[in-house]
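Novice: Protein chains in written order, with the working numbering: chain A, 4 to 768; chain B, 21 to 178.
Hints are supplied without guarantee of correctness; some may be wrong.
From the derived model, a few chain A residues whose C-beta atoms are all more than 10 Å from chain B [unchecked claim]:
hint, residue
1, D28
2, K32
3, R38
4, I63
5, E156
6, T301
7, E410
8, G688
9, S698
Taking beta-carbon pairs under 8 Å as the criterion, some of the chain B residues facing chain A (in silico) [stated by the list, open to error]:
hint, residue
10, K30
11, V31
12, N32
13, G33
14, T57
15, H60
16, G62
17, L107
18, D109
19, H118
20, Q121
21, G123
22, T126
23, I152
24, T160
25, V166
With the Cβ distance kept under 7 Å, some of the chain A side facing chain B (calculated, not the full set) [what the hints assert, rightly or not]:
hint, residue
26, G29
27, A37
28, D42
29, L45
30, P46
31, G218
32, G271
33, R302
34, G493
35, Q661
36, G662
37, L690
What the hints contain is simulated information worked out from the structure, not anything from laboratory work.
Since this is a predicted model, take the numbers as computed values, not measurements.
All C-beta atoms, glycine included, are put in the ideal place defined by N, C-alpha and C.
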Amino acid sequence: MSDNQKSGVVGGNYRWVGNNTRRPDGVDKVTGRARYGDDMVLPGMLHMRMLRSPHAHARILSIDTSDAEAMKGVKAVVTHKDVPDHPPAKPPFGPAVSDFHDLSRNIMAREKVLYDGHAVAAVAATTESIAKRAVRKIKVEYEILPHVLDPYEAAQAGAPILHEHQFTLGLEPKPKEPSNLFRTLGGEQGNLEQGFENSDLVIEREFSSQPVHQGYIEPLACVASSSEDGAVELWTSTQGHFVARTLLSRLLNLDMSKFRVTASEIGGGFGGKTTIYHEPAAILLSMKTGRPVRSVMTRGEVLRATGPTVGSVCRIKIGAKKDGTLVAADAEIWYQAGAFKGGPVARATDSFFSPYKIPNARTACHDVCVNRPKAAAYRAPGAPMATWAAEAVINELATEFGLDPVEMRLKNAVKEGDTSLMGTKHGRIGCIEVLEAAKNHPHYNAPLKKNQGRGFALGYWLHGGGLSSASANLLDDGTLTLALGTPDIGGSRSSMRAMAAEELGIDIELVKPAVVDTASLGYNHLTAGSRTTYATGMAVVNATREIIEKLCSLAAFKWEISVEEVRWDSGEALPADKYAGKLKPFSLKQLAKMAPGTVGPIAGHSEINAKGAGASFCAQISDIEIDPETGGTSPVRHTVILDAGRAISPDYVEGQMQGGAVQGIGWALNEEYIYDDNGRLLNTGFLDYRMPVASDVPMIDTLIVEVPNPKHPYGVRGVGEPPLVPAPAAVAIAVENAIGRRMGDLPMSPPKVLAAMDAQKLAAE
Amino acid sequence: MTTMHEITLKVNGADYACEVEGRLTLADFLRHQINLTGTHLGCEHGVCGACTVLVNGKTARGCLMLAVQADEAEITTVEGLAVNGELNDLQQAFMEHHALQCGFCTPGMLMTLTELLEENPHPKEQDVREAISGNICRCTGYQGIVAAALAVAEQRDC
């Protein structure tokens, strides 16, 4: 059914890479056989439930667990007293903040509760219903404190303070008063003042947005089992079981080697499953009871107590020449880090203006604590709201100058050799190719109907590389197992298998990929940052190339020639040079059979720190129709154009593009966290936290552009995150264009759209 | 003391006679009492549709129905779709049309579409979208799912 297309600088003729293949996880997932977090059962298993704070901000005066502990069927209760404490982390802090003082308090409140839903105690009982009842018998005395939810308000003097020990970093002299503002990151180049003076037009706007949740359908679930010798086995739904091991080992002061963490099949994550939440409590309860402990969060717990992405308040100002040249740009954004520092401010600084060359530019991104759950990564964390602000203003400039928005962007587009505001020097990138593809797409100039508006936005994402390990084992029958350590969240088993089969030159069905536990492989960083197909893919290519080397050696040994005189091609060892054509080639299958009786088992492995992931660009065109009676919004057409470098498995890449676009539609139009005056979350279920369903969205057109990344053996760039970066922007811009008025506040829900239309009518009269 | 209730029912063609607590949901019964964990729980309040099963041929939310209400019923879960070890056409189409990524919503989607294709063998795109509008998928943007259902309808016509 796919009328989706590809364009760009495509090269290479491959058998598996770049082709759609049968999915390796398909049968298990359509038969119900795939085992997710909640599908693990161990003998003697207990059930855990958590007591959570009903207050946004309160001091814990006392916790009395005696009545709960006395209940029949209750085996243990844990509170902060059971969680090792850690001193606050000291500067310098990297782009990502790691602080075990914070983590220990986020997984179990210590001195204070800092948000509605904050964990206070956990109970393990023989049944879930006993555990639930026991939780209600825990008595907690609170002293309620004033709370703050808005990041801009929270950063002002006089706001309720969440952490008395937190003083804004980087200020000289050190401030006397603690602050919710943890730090400000940013960059500056050129001369802003002069830049704005030299501009023909300067547009300044404000934007704001609410936190939105990743909305994975599988709630967090884990089973922990500890033994008398201190060993801990953990089964959990996570985007990084090696990372979970590191965090748990440091948090609980246990040797890393004592942990064996297995990643379950994962029912979505989108960044939300990149840290730990209930796992420490489950492990502590297992240690106390000597029995396995299972925890499965409810949807309400997932929404109240696991990290959504940050909400934001943003001010932006961009100046340009009449011909469309961008001259100066200044942006400032306040991000709600939630109860603990660590909002994605580094990514925001990198996202505002990176698609463009702007000689005079500045960004300032504030990381602000508020009484909400600690924000977690959500697909391109930090990027979409910064992108929205910049793209909306650039479109307005184009309109004012009478320029085509894509032409204006092309005039300023970054290319190889340019350096971003944050110091990234670009290699071969596809910004221009993506813009050209958008301009030439039939959607771009298609006519609009009444009450419809079109939005265009371009997004930038700098992909991650980092630590990955893989091992490949050739079996006697000529089949291959691939051991991977990055949980497969968007189809990595398929792309790994394609690359391995391509390298070896064998049928793809002979390769069986599996995600293995932490005791079975070298370290792997998260499946996040769109890094897996890039970094783990490189490790897989290395591991299979090691197998090829060994097979060539075996053939050389058999032929009694030197290994330099053997080459590998299409699944066979061939004699080369003076022996070319003179000896009968050995197939991989023949060599695999010979191996046990000669050189022994044949395996390859690779452990790498992958560099050079580089940037990619994604453009989106969104058409939104407004119902003038209700302010309701309907996406009627949506196109995603993405530079994938090379699409290893095109159908999976299209799936990422479509899924990301629909998440962006939800973010722009419906999704938001709604709190009452006491700071309690009101919409704690999918009924009120409304994510797009099939009837809300149109078919999403995709166009894969391929500008291969020269740093990867197959040219891969990540594809997970870019599709969300410009999506809310394109949709929000389309709504504003449809009603002919600025709104600037997400989500653009019907009441807000209706109010904006009324205001527009009044203004017209 | 919890009162137990006896129920007899057919699940995927097999007979069961079980004692259940009155408050046990059908989804928990399927998952925990007879170990059919293909039926997934995403929200436990009837919105996400991951726990959708067929009760006497009609879709029902496993999380909104009690096991005792399924007494004497015939239930089909995702585990009952493949016949004699062969995937059925809808399961095949889900694989071929990339109708799943993480796969967590997949069982519910399959059950909802099984009902749709029974009731309306020639659905239009909009019919498919309406039919699955009670099932949330956060990964795919729904495109592959809609494509799979339309492909099956066309195939069955031939």
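Novice: Compare the structure with each hint and give your call.
Specialist: Against the structure, the hints:
no.	hint	in the structure
1	D28	7 Å, violated
2	K32	3 Å, violated
3	R38	7 Å, violated
4	I63	29 Å, holds
5	E156	31 Å, holds
6	T301	6 Å, violated
7	E410	29 Å, holds
8	G688	5 Å, violated
9	S698	4 Å, violated
10	K30	17 Å, violated
11	V31	12 Å, violated
12	N32	10 Å, violated
13	G33	15 Å, violated
14	T57	4 Å, holds
15	H60	7 Å, holds
16	G62	4 Å, holds
17	L107	6 Å, holds
18	D109	11 Å, violated
19	H118	4 Å, holds
20	Q121	6 Å, holds
21	G123	3 Å, holds
22	T126	5 Å, holds
23	I152	5 Å, holds
24	T160	5 Å, holds
25	V166	7 Å, holds
26	G29	4 Å, holds
27	A37	6 Å, holds
28	D42	4 Å, holds
29	L45	13 Å, violated
30	P46	14 Å, violated
31	G218	5 Å, holds
32	G271	5 Å, holds
33	R302	4 Å, holds
34	G493	6 Å, holds
35	Q661	3 Å, holds
36	G662	5 Å, holds
37	L690	5 Å, holds
Hint compliance for this structure: hints 1, 2, 3, 6, 8, 9, 10, 11, 12, 13, 18, 29, 30 are broken, all remaining hints hold.
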